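Trainee: Below are the chains, spelled out letter by letter.
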Amino acid sequence: MSVLIFIDQSEGYIKKASVEALCYGSTLAKQLGMHAEGIVLGSLQDDLPALGQYGVEKIHHVSDPALDHPDAQVFTNVIAQAVQATGAKIIVFSNNADGKTIAPPLSAHLKAALVTGAVALPELANGFVVKKSVFSGKAFANIALNTEIKIITLNANSFPATVLGDATAEIIPFKATIDATKVKIISTNKVKGEVVLSEAEVVVSGGRGLKGPENWGMIEELAKLLGAATACSRPVADAHWRPHHEHVGQTGLAIAPNLYIAIGISGAIQHLAGVNRSKTIVVINKDPEAPFFKAADYGIVGDAFEVLPKIIEEVKKLKA
Amino acid sequence: MKILVCISKSPDTTSKIAFTDNNTQFATAGVQWIINPYDEWYALVRAIELKEKDSAVVLHLVTVAGADTEPVIRKALALGGDEAIRVNADSQDSFYIASQIAEIARQGGYDLVFTGKETIDYNGSSVGGMVAELLSFPYVALATHFELNGTTATITREIEGGEEVCEVSTPVVVSCQKGMAEARIPNMRGIMAARTKPLKVMEPVAADSLTSIVNFELPPAKAGVKLIPADNPGELVRLLHEEAKVI
Ligand SMILES: Cc1cc2nc3c(=O)[nH]c(=O)nc-3n(C[C@H](O)[C@H](O)[C@H](O)COP(=O)(O)OP(=O)(O)OC[C@H]3O[C@@H](n4cnc5c(N)ncnc54)[C@H](O)[C@@H]3O)c2cc1C
Ligand SMILES: Nc1ncnc2c1ncn2[C@@H]1O[C@H](COP(=O)(O)O)[C@@H](O)[C@H]1O
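Those protein sequences? They're chains S and C, same order as listed.
So in numbering that gives the first Met the number 0, spot 111 of the first sequence is number 110, and the numbers just go up one at a time.
So in numbering that gives the first Met the number 0, spot 209 of the second sequence is number 208, and the numbers just go up one at a time.
Hints were generated in silico from the structure; no laboratory data involved.
Just so it is clear, the structure is predicted and the values come from calculations on it, not from any experiment.
C-beta atoms are modelled at their ideal positions from N, C-alpha and C, and glycine is treated no differently.
Treat the hints with caution; some may be incorrect.
Between beta-carbon pairs, the in silico distance windows are [to be verified]:
#, chain 1, residue 1, chain 2, residue 2, range
1, S, E305, C, V57, 55 to 63 Å
2, C, M201, S, S62, 43 to 51 Å
3, C, A182, S, R207, 16 to 24 Å
4, C, D89, S, A160, 37 to 45 Å
5, S, E213, C, S211, 48 to 56 Å
6, C, E242, S, T176, 49 to 57 Å
7, S, P48, C, E242, 34 to 42 Å
8, C, G223, S, L123, 34 to 42 Å
Some chain C residues near chain S, calculated using beta-carbon distances under 10 Å [what the hints assert, rightly or not]:
#, residue
9, D67
10, S125
11, N231
Pulled out of the complex, with its shape left as it was, chain C reads as follows (with noise of 0.2 Å):
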């Protein structure tokens, strides 16, 4: 069994959100780097606690992007798995990506590709979809619960207004979200052994962007709240139906 996992870089989750160049890029001084939540605390995890359960699973990291993101992939592997792959390129195409990592996941065999749900920054949710297009995959969106047994993988997926459960033969490509498995923390060993860890870095294939970013806006600022004491708040009630209109 060899498995894949995506991983992709994201401004910390508290991190001041701000644009420069005439808002066509984000402001990453000071930003401070963490790996996808997604991608690591559900897609990663999860991948790891198969390896973990079965050593004959081979587990490899993949991630599209520059150098920069060198550490964030080092982080991933501290975490576990065998190895990562990165593929030198910085677009920010969603397609592009996919391309790049159906090339990836094709030359290496995988049987089971996991992306997180989506990436905090660009909330995308489709490099997943476009992979298992690409490669002819089955995909399962939105997973909140993986189990495998030899090659039958038995899924529960979200669905609108309820869950699923389903079951696929590999090779399939699965989108992970909360459910999937619990955060961890890398320990010292660990973080050791990632040191040592192959990357590779591998050159991009040749592959279209279908979409470009023209530029960012903020939304516009809140006018600021309107308290109501707490002994009245039949004026809350009120305002909620008189002023905003919406009960």
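Looking at chain S on its own, in the form it has when it is part of the complex (with noise of 0.2 Å):
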């Protein structure tokens, strides 16, 4: 019996949220007395072996170029063939647009209760109980999964990716068959050289209170310096300041970084549906009866045109 854990890639690259993934299935593995296994679809560049490291044992690899896009139905055949083939009786996803895409036909397809959004390790004393964000990140649901075979996504920044020890995991050719995907992919357009926000470490995020797009330049250096992705209000997407998928929130992309900053935006509650899951939040506004100072944990009650570049000179001399 065995945890299946699907590993994301990106041409060819492992992404961090599968690292948590990894170490979240691999870990549960561990409590259940069950082997830790991975699942890679389509063409790939990184090291496989090394990823025993975060205590996965096997990895089946399924290498057909034809897998290099995730499509619902294909890899929904593949993913049941491996769950077959391997017995696993958990399977493993990052709540990303893979996941979200995949894991819900998968569940449907196995007939296997399926938590979205998981926050910790499952509760085991009663059942299979697990943990995950509702209400946009202001509560939690403790979910039964009551099939034989289970599917978790796990939430971003949720569970510590750590190194769990020095195997090296074994790659295992997967023969699957494939069928033909209905979807025919025209183009792929993938952010180059900026750092993705869904899964950025640090979120450096403006509002209305910016006054214009051509303000944008603080924000920039000092996520640049952070080595931190650029987010904003859904008012600002809206005024076309800034690209749509940088919105945040309720209506927008939800993140879970280690350290939002909010520069000039009142922290709407629709707002905070989107970053209340920040571990460290830090909010810039010059009205002291802002809102977003109540979800907070850091705070300086001043004009951003003052307050800002003074930032980035502090956080210059911290780097240097």
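Since each chain comes alone in its own frame, lean on the hints to assemble the complex.
Mentor: Have a look at this one:
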């Protein structure tokens, strides 16, 4: 019996989210006395055996380049074959775009209970109960998975990605029947050179308080210094000051970085819904009554146009 | 072209989140119910636009919910759509809900099924993908743009770290998010028309629930903000480095 962990890749490289999923899955396997195995689809550049340091013993690899683009139906069928071949009882995904695309159809295919957005290891004292984020980060629900096979998708930054050993993983080429895809890819556009917002450890975010797109230079400079991604509030994206994919909140992206720096953002409840899982929140706002201060760990009441350049100088000193 | 849009209700985004009955139930007292924003702004409005462009499009809405959801479904009909179907069941399990929607989709022979990216209360992102698999339809998740040309849909979808444009023949299930359409406000004519649009009630088919909610928890309260004087930003940088250890 095994815990099967779906290892996400993009352009042949393993994603940070997958390392978290591997650590989660192999820790769970140990608790249950099961084997931790991985599955990865498509052509790869990265060093797969090295993933053994995250506790996974074997990795099944279907190297067919037909699997370079995630396709719900095709991936579901391939993973279902791997589940059968390995006797997997628990399947772990990252709760990212790929996990959201594949885990639900796989759940219906296997009739396996699914919990998306898990934030902790299951409680095993009374059945198999997984804590998940609900109400857009404003609460948690404990969900019982009531079938023999179970699927979990793990929220980003919810489980530490740490080296668990020094073993190398055995790579097993997996032969699967691959269906023809019904979804034809016309073009792929990956954001290059920037830190991907959903995976960023640090996020610097601006709101309407910055007055206009011409003032984003300081946001970008601070982000660059901190190796951070940039984000914004909804009105900022709606006004086309910033691209839509930077919009965080209830109707945008939900993120959980280690550090979220909010500049000139009021902290409306719909904005908080997308960022309140951040470990540390810093708020810079000239209005001491701004609701964001209630959700913050650190705050400066002041004018962003005066405070931010000084912060940039201080960070430069620190990094020097 | 027959389109089915899946509509769920959710508490208004400003609602206070609290629980009753030993933290097993969401406290609904005083809660204002709205159409789940992803279903309304993105899935439904885009479907309405497709119908406005081609009057041969038939647009139906479906919800799996108790009778108390009818005002929300009428509100959706006020925006547009020909009729609504309510499957009379109160389950919260995604697979059970998807099984009901798949049955409606099968009976109605729909070419396009739109869902929202997720419900803002359960945050499952699950129902659409399950419906697709139950129908053996392709599934395009997290769509930000949708064009239809005959039976060919050209869809932009979010992928990890970017986006991808793909082409797929109907039938297909699409989960919709920001970018698909702009929010609309129902007008008086729409509201009047919605009163007489058919709202069919169907009994659920037998289906399994694979999960159950044990209870809810609220996150631990924040310790409170540490304010740093505006003229001493060095102190903020120091705290982030030495105390919070995040930079
Ligand atoms: C259903 C629904 C869904 C929504 N979803 C989202 C969502 O996903 N994400 C989202 O962000 N919003 C969302 N909103 C909108 C949300 O309610 C707020 O309107 C929005 O977040 C406000 O953006 P803001 O803080 O940038 O702007 P404002 O509310 O205008 O706040 C600007 C802030 O900047 C401060 N400020 C001004 N000048 C300066 C200065 N010089 N220095 C420092 N501070 C300054 C002001 O004090 C103020 O607090 C949603 C709304 C609804 C109804
Ligand atoms: N009870 C329901 N009735 C109809 N559609 C639903 C229901 N629940 C969820 N959906 C649809 O499925 C999408 C994803 O929901 P979820 O998987 O719960 O996040 C929603 O945006 C709706 O379009």
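Trainee: Quick one, is the S125 (chain C) hint okay against chain S at 10 Å, beta carbons?
Mentor: Holds. Min distance 4 Å.
Trainee: Can you tell me whether the CB distance of A182 (chain C) to R207 (chain S) sits inside 16 to 24 Å?
Mentor: Cβ of A182 (chain C) to Cβ of R207 (chain S): about 18 Å, so the range 16 to 24 Å holds.
Trainee: With a cut-off of 10 Å, does the beta carbon of N231 (chain C) approach a beta carbon of chain S closely enough for the hint to hold?
Mentor: holds (9 Å)
Trainee: Could you see if the CB distance from E305 (chain S) to V57 (chain C) stays within 55 to 63 Å?
Mentor: holds (58 Å)
Trainee: I want to verify a distance hint. Is the separation of the beta carbons of E213 (chain S) and S211 (chain C) within 48 to 56 Å?
Mentor: Given range 48 to 56 Å: holds, Cβ gap about 53 Å.
Trainee: Taking the Cβ atom of G223 (chain C) and the Cβ atom of L123 (chain S), is their distance within the range 34 to 42 Å?
Mentor: At roughly 35 Å between Cβ atoms, L123 (chain S) and G223 (chain C) fall inside 34 to 42 Å, so the hint holds.
Trainee: Verify the interface restraint on D67 (chain C): the C-beta must sit less than 10 Å from at least one C-beta of chain S.
Mentor: violated (19 Å)
Trainee: Between M201 (chain C) and S62 (chain S), is the Cβ distance one that fits in 43 to 51 Å?
Mentor: holds (47 Å)
Trainee: Can the suggested window of 49 to 57 Å be confirmed for the beta-carbon pair E242 (chain C) and T176 (chain S)?
Mentor: Given range 49 to 57 Å: holds, Cβ gap about 55 Å.
Trainee: Honestly, do D89 (chain C) and A160 (chain S) meet the 37 to 45 Å range at C-beta?
Mentor: Holds: the Cβ-Cβ distance is about 40 Å, inside 37 to 45 Å.
Trainee: Between P48 (chain S) and E242 (chain C), does the beta-carbon spacing fit 34 to 42 Å?
Mentor: holds (39 Å)
In summary, the structure is inconsistent with hint 9 from the numbered list given earlier, while agreeing with all the others.
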